[in-house]
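Colleague: Protein sequence lines correspond, in order, to chains A and B.
Here my numbering is used: the first residue of the first sequence is 9, the next is one more, and so on.
Here my numbering is used: the first residue of the second sequence is 4, the next is one more, and so on.
Quick caveat, the hints were computed from the structure, so don't treat them as lab data.
Check each hint, because a few of them may be wrong.
Just the calculated beta-carbon pair ranges, DEER-fashion [to be verified]:
1) 651(A) / 35(B): 35 to 45 Å
2) 94(B) / 623(A): 15 to 25 Å
3) 567(A) / 70(B): 21 to 31 Å
Short derived list, chain A residues pointing at chain B, Cβ under 10 Å [what the hints assert, rightly or not]:
4) 351
5) 362
6) 363
7) 367
8) 395
9) 619
Reference excerpt, derived from the structure (chain B facing chain A, CB under 7 Å, subset only) [to be verified]:
10) 11
11) 12
12) 19
13) 20
14) 29
15) 30
16) 33
17) 34
18) 75
19) 98
Where a beta carbon is used, it is the ideal one built from N, C-alpha and C, also for glycine.
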Amino acid sequence: MNVTATLGAAALLTALATSAVAIVAAILGHRRGSRPLLLASRRAIYATALLTTAATLAMAYALVTNDFAIAHVASVSSRNMQLPMRWASLYSGQPGSLLFWTWTMSLFMAAFTAITVPRIPWGAPHAVATMGAILVGFLGALIFLASPFRLSPVTPADGQGLNPLLVDPGMLIHPPFLLMGLVSTSVPFALGVAALLSGRLDAAWVRHARAWALASFLILSIGNLLGGWWAYTVLGWGGYWGWDPVENSAILPLLPMTAFLHTLIVQERRGMLKTWNLLLVLTAFALAVFGTFNVRSGLVASVHSFAQSQVGPYFLVLVGATIVASVGLIVWRLPRLHAEADLDALASRETGLILNSYVMIALGLVILGGTLFPVFSELLRGVRVTVGPPFYNEVTAPLFVLMLLLIVVGTVLPWRGGAVQHHVRRFRVPLAVALVSWVALGTLGMRVPAALAATGLCVTIGYVTLREYVVAARGLRSARGSSWPGALAGVFGRDPRRTGGYLVHLGVAIMAVAVIGSTVYQQQTRHTVSPGETFEASGYTFRYEDLVARHPGVNGIEIEGVTRLQVTRDGQEVATLEPGRRFFTNFPEQPTAIVAVDATLARDLYVFTQGWDQTRRAEIQVFVNPLAQWLWIGGGVYALGGLLAFGVLRREPVRASAGIPAASEPRAADSAAGPA
Amino acid sequence: MTAILTSRRARLVALLVVATAAISVLAFRAAGSTASYYITPEEFLRNERLHDQRVRVAGRVVEGSIQEQGGRPIAFAIMGDANDRVQVDYPKGVIPNMFGPWALVIVEGTGRADRRVQADSIIIKHENEFYADKPPDGSISSHFVPEATPTATPAR
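Sequences are here, hints too, so could you generate the full structure?
Modeller: Structure (structure tokens):
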């Protein structure tokens, strides 16, 4: 008997039981008004989190001790794998990723139960029962269809090691962030379901969902950004986003969650968009489950490969159940989901936020449609039709430009509209900034219309964002006599939700400029050279010195072959680059690229080697990606803005003062209203 | 009717309907112009009219068929579900990182007689699934799992 596997499997089975207890205790406790039962339901959630943690620790122990009797360990680890890479092994493969998903989801739910559930007496049992049901669903798959503790019939002396493409530092952080981001959508979902089940359909659930939605938004965003970074540095095709179905599945939940973060403000302030906000959180979670299904079923690859995995059909049922239940609840409560106010004006911040939400959903539908295009075409017409990057780029580009425009408009427009002359006054300088930017960029040689439009809007976003900070800081200076640095710090401290959000917008603008520069203006060349020869690429001179062999001896790497290149420009040394290929002992026909990047703020020199012959003659591919590093810088600004926006958790309301309009405060009617 | 037309909400809804229509038109046009119809090797071999035509053919790289020159694949065969094979010549162009035996590829180029395609680009689709520890025998995923190291230690 394998003790580790037995303990791990037992922990998961017990977790399934405690999840079921959470459901039953919550329902019975609510019906009978029994406080002990309600407490028991919450403790059952904590117990589930503890048990899944125990199972995860068991798997970690098995990986560290090379327990190859466990099939999962044998398939993703090996004796010469470094300890950090064994962390990546934990969530690799089907059972490992499902275990990690379930574990982190139970942790989120336990945190939600501890922090928020006590504050929502009107919906606590409903939320706990919903979480219990979700946990049962995932634990069921983990235990009965993809057990991570299944034993191998014969214990190998060594494991196969991690898939070559996963042997990279990026794999230590990208999948955890992405998986955590996906599971975190379950919390706003549980709150939305609690609101529908309990009948408490005012802004109460939205106020509690806000922080969790922000966390989900932030983690998902970082996960997607890290995925792009990994693709850029590992896959070796010169880009960071290929509109692959797996990539699309990762970004889909982020879109409704982003939309929700914007429209919840409208519900808080004006009591509008109740149905829409519920739909958004339910959709985000459904898309997260869909993503899990998509990457485990092979459905998009082919309907014929769909049946290869038992987990695929199971998750299809889960997705279907989630959608049916969500839609059913909303239809049931529809008569009570009426808005408490109407639009005061079309030219208002409310309209801007609604349009922003619409653009997010339109993007999501386009991406979802493109991802599932092959499935529907094969089912309906018997012909498999795929759409590739040209489709996505052509359709999403105008939507992204529209999104940038709405950021400008939404930042400038006031709540509830205003007189036309006030709008003219508010917009005249931003419009001037945009016009000057377009003229200047056009004069500098930017001729692609969409790139020109978008870049000008990004400059304008920078202006309106910084203007907000300056106006607010000026108000603090006149009120307190602070210095400029002190006043700016005060602005972020007093209204972090708004100022953090504006910083996220600034990050988006910076990333957009980076994407435009590194895709529209990318240059690429290919050269075949022998040692000692030189070639020119985009004004740089590359001298191929020699082919060098390296033997790292870890992580299953047998040998690395790198082509050493000296790069100069106008006689000045620029960099020494060593692109090459990495060969793995257990995966001899899956070498990976070693990409060499010389990065500056102006451009990336991105080089990789296709291959070489016995005379050491090598084929080398060079990309020049203008402004590529600004993608990661902009991502950092974006993430910082998201972190700053967490200040919304402060209890005391923001006081209104000169230059700093007060952030949204809970209305007295909302907090006084009891359960329906 | 006048009330509907002047209602702000109605005007916003009308704006969204127009926008949706515009996006739908854009998407359908883009799908029509950029969609990649790809045919199977069987369909390519059956249709002689595709010779000297631009084609996209999808299939799996046949193990043992890759010919290299200068350390770089220049020719290989792909096969479909019915095991029909098409020879692909690919003398220049980027070789995607995941290219190799059993990789699912879409080759685009000019159809030639003698069961060949003169390709100028290759797209790789990686397997969209986390395969189980031991994929079913004969499944595509099983080709990507190397042989386990033999040992005398039986499972406990």
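Colleague: All hints are to be evaluated individually against the structure, with a verdict given for each.
Modeller: Here is what the structure says about each hint:
no. : hint                       : in the structure
1   : 651(A) / 35(B): 35 to 45 Å : 44 Å, holds
2   : 94(B) / 623(A): 15 to 25 Å : 18 Å, holds
3   : 567(A) / 70(B): 21 to 31 Å : 23 Å, holds
4   : 351                        : 4 Å, holds
5   : 362                        : 7 Å, holds
6   : 363                        : 8 Å, holds
7   : 367                        : 9 Å, holds
8   : 395                        : 5 Å, holds
9   : 619                        : 4 Å, holds
10  : 11                         : 4 Å, holds
11  : 12                         : 6 Å, holds
12  : 19                         : 6 Å, holds
13  : 20                         : 11 Å, violated
14  : 29                         : 6 Å, holds
15  : 30                         : 5 Å, holds
16  : 33                         : 4 Å, holds
17  : 34                         : 6 Å, holds
18  : 75                         : 4 Å, holds
19  : 98                         : 6 Å, holds
Of the numbered hints given earlier, the model fails hint 13 alone.
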